[in-house]
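These protein sequences, in sequence, are chains Y and P. Counting from -19, one number per residue, gives the positions in the first sequence under my numbering. Counting from 209, one number per residue, gives the positions in the second sequence under my numbering.
No lab work stands behind these hints, which were simulated from the structure alone. Beta carbons: idealized from backbone N, C-alpha and C, even for Gly. Misleading hints may appear alongside valid ones.
[As the list claims (entries may be wrong)] Computed cross-link-like contacts, DSSO-like style, restricted to lysine-lysine with a CA-CA straight-line distance of at most 30 Å:
#1 Lys12/Y to Lys431/Y
#2 Lys375/P to Lys415/Y
#3 Lys415/Y to Lys510/P
#4 Lys510/P to Lys647/P
#5 Lys415/Y to Lys12/Y
#6 Lys136/Y to Lys12/Y
#7 Lys273/Y to Lys375/P
#8 Lys510/P to Lys699/P
#9 Lys506/P to Lys655/P
[Said to hold, decoys possible] Sample of chain P residues at the chain Y side, in silico, Cβ under 10 Å:
#10 Trp276
#11 Gln278
#12 Glu317
#13 Arg319
#14 Gly362
#15 Arg369
#16 Ala373
#17 Trp393
#18 Ile396
#19 Trp575
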Amino acid sequence: MTATDFLSVLPLTILVAWACVLTIADLFIGRKLWTAVLAGLGLATALVVAVLTGGETRVGFNGMVSADGFAVFVSVLLLASGMVAVGLLYGYSRRMGFERGEIYTLLLFSMGGMVLMAYAADLIAVFLALELFSIPLYILAGIARPRSESEESALKYFLIGAFSSAIMVYGIALVYAATGATALSGIVAALGSPAFNVTLFSVGGGLVLVGFGFKVGAVPFHMWIPDVYQGAPSAVTAFMAVGAKAAGFAALLRVFVTAFSTRFDVMPELTTVIWWMSALTMIVGNVLAVSQKNIKRLLAYSSISHAGFILMAFTAYGQESVAADSVASALFYLLAFAVTSYGVWAIVMSLEQVEDGDDGMRKGLNLDDYAGLGQRHPALALAMTIFMLSFIGLPPTLGFAGKLYLFRTAIAGGFYSLAVIGVLTSLISAYYYLKIVVIMYMVDGEPQVHKARMLGWTVGVSAVGTVVLTIFASPLFAWAAGSVLELFR
Amino acid sequence: MNPLLLTLVTFFPLVGVVVLLFIPQERKSALRWTALGTSLVTFAISIVILIQFNSADPDLQGVVAVPWIQVAGWNIRYALGIDGLSILLVLLTTFLTPISILSTWEAIEDRVKDFMIFFLLLEMGMVGVFLAQDLFLFYIFWEFTLVPMYFLIGIWGGSRRRYAAIKFFLYTMAGSILMLLAILWLGIEGGTFYLPDLIAQGGIPGDIQIWLFLAFAAAFAIKVPMWPLHSWLPDAHVEAPTAGSVILAGVLLKMGTYGFVRFNIPLFPEAAMQLAPTMGVLAVIGILYGAVVSYAQKDVKKLVAYSSVSHLGFVMLGLFALNPQGIQGGILQMVNHGLSTGALFLLVGMIYERRHTREMDAFGGLWKVMPVYAVMTLIVTLSSMGLPGLNGFVGEFTILLGAFGSYAYNLGLSAAILTGFAALGVILAAVYMLYMFQKLFLGPLDKEENMNLKDLNLREIVTIVPLLVFIFWIGLYPKPFFDLMAPAVGKLTAALQTVAVAGLW
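The shape of chain Y in the complex, shown without the other chains:
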């Protein structure tokens, strides 16, 4: 382990060191605003470094990490979303009365794990990253204690997380038994060797997929998402929905496209498995979202369904000609989803009240609380409409561009029936997203809106970005497509 190793993953090094220092520094900081600012500064530094050092591919720690275009794309996405999360958390935690300095250090540690997910090129590193990003998130989910829903959320998240980690680590062990390697390149190299054991490898690969399935919320491993999303403080949920999902997918994409690819004619049945996972995720996520009354639960199911759409394109990952697109389209969609999601969550936080409603949850989280928003707060309602259109995948929004890329990949891969399931479930999703628009514009009401600068900015930037980035989507497409090339060298 030398200095070059640390330099090869400089953004990560900065992030973890910054988190450690901030943990101690926070003890001496009275106004938590400064902790938040420092955390944001740390993320910004890491972001700038990630962009500046992004040009060249480096491998560090004996191949445990690989700083390539893919890692840069994902870490830029993650770090930017971390910065938004810091801003949202600051205002939200003050307002809801659980302001603490630890929030930001936990966030930084979690970010460290997520960024490592993007870099990890070895199953051990993947597992390490998974734990590093998950454990602070368990705590963050419960940070609003003694509120029971927050504690419940943290406990559920923790139990399911521990369960899925155990499955994944067992899978890694089996893969190691089958190939004698945990590095992705080592696994590929071992595939043809005489000692290679197909059965162990298949079971191991399957268990790793299950582990990732939990993290990204794919059906049938999705049950925890609605409860955890609903119970966790909204700002934390927003971060989970964007960050944890992107990090989970990043590792899933890299691990499967390099080590477990059906290109190698080992485990051809994986394509079928992912096909069904994708189809079920799209169907279950969208169908169950229809009957939701609580906006956080609705968004939870919607986020499940979006995972299904990404998996739809990923089903084609084993085909030589489409593999690059299947990863690139997933990356692009994660970006589109992040931009839109933060806007939506900022609106959710604007309408969320400090007081409790009859059900013991905070007021302002039911769909009915959005009635009259179109009349009373036209700008907010317009932004929400844009976000809903983006989630449905209608032009001219980023969600449309993203879905288009996913569908193109699925069709190029020849998965026509999966694509048809995809569009039909999109149609179902149009129903529940439009329901929100209907309530906002076509039902009278007096919505309570909390105005805060950070929320306003997040909504505004997300809304403008959702539309404008679509019209100028070329560079984004090019970036996503270019970043994955090194995975296939």
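Following the hints, put chain P in place on chain Y, whose structure we already have.
Leaving out everything else, chain P in the frame of chain Y:
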């Protein structure tokens, strides 16, 4: 033609939208005049396009085709163009929009600003649909029109507006997302989304053509609407505000029929030939079904709505005759239907504003109190049922002529029998239209509430008269209209001919 013109006519309504954003909600008449002014300028631009249009040229004119998204395997262009197939529809759109806006002067009092913004956005989307020559760009405009229309129905509609708005949205989206998959397939296989290139490449195997044809047809047939996919239409029409109904019937439905001419027939000629008899039968069922159901209605607006199903059946029958008369008649009938049904919806809206009911039983003998209104309605009614000398006759006659001589219809069944059944629809149209007229205007003036109804005011007359002018013009001298489209239609049918000769037939 100046290539900037098409971009200008498409996006000029956006200028109006921006101006509207800066006018306060309370200044209603400023909002109305701005919207009207914008739509009139848009209309003026489209007239300039008409003047510069070379009607002898069968190809696209005023073409802009600049690269838009050309990375990562995408080859998307910002491509607009106009030819004989689309010019009348563009004109119809820009012509009906100011009329519709004028009709809202007293009808829309609530949230005028939002209404006008949505209306102009809708105009932009509709013009874009008719001009886009890149499948991707077309899809964007196509889906975009859903959003403003959804709000127009959902906010300013009748009592069941929320239901109608969502039904409209989901129904139309269901078809168009299937089309999206087909578009993506074409883009991947053809390496481009640019329509002229795709048509020139051709060479899609027959069995795949059928699937692609069906995917595109899913989007268009719902929009038309063809029987049995029409059930969203009565709800949307009845609940929409008058101006919304006018645009819905006048233009939005034409987007479906236009889609068949612009995309289905030239892109998948073999499939079109093969499926023509099926489409013809569905069209005739639509004609008869729409007519019969119209007759059973008690609500005037519903009657007019179902009559659209019948009239659009004629359009489809003409288009899938796949010969010059049929397609020309089909396109002209699109315009005719836009004029006549647009006018009918306006007239229904006027009586609704006075009486707040549309039940036919609530009226009777209106001719005595509202003579101007009665005469205008009579002309429009006669036009709609196809009286010789008025526009409807020219369109329907040409269509029937085309269908009767159709080679394609004779492949699966007898074109003569099919045309015979369709002609029955003309008689049925007379039945339900005259029935409606009789219920409203003739008989004794026996309802207390109707005694003191005011006749049309100047603004209302101004909204109807331009439509009447064209109703007579097309009816008496349709040649200029046919001349505009003949070369483009000729090119289309010539291409079909080649396929028919080269292929199995």
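Structure-inconsistent hints, enumerated in ascending order: 5, 8, 12 and 19
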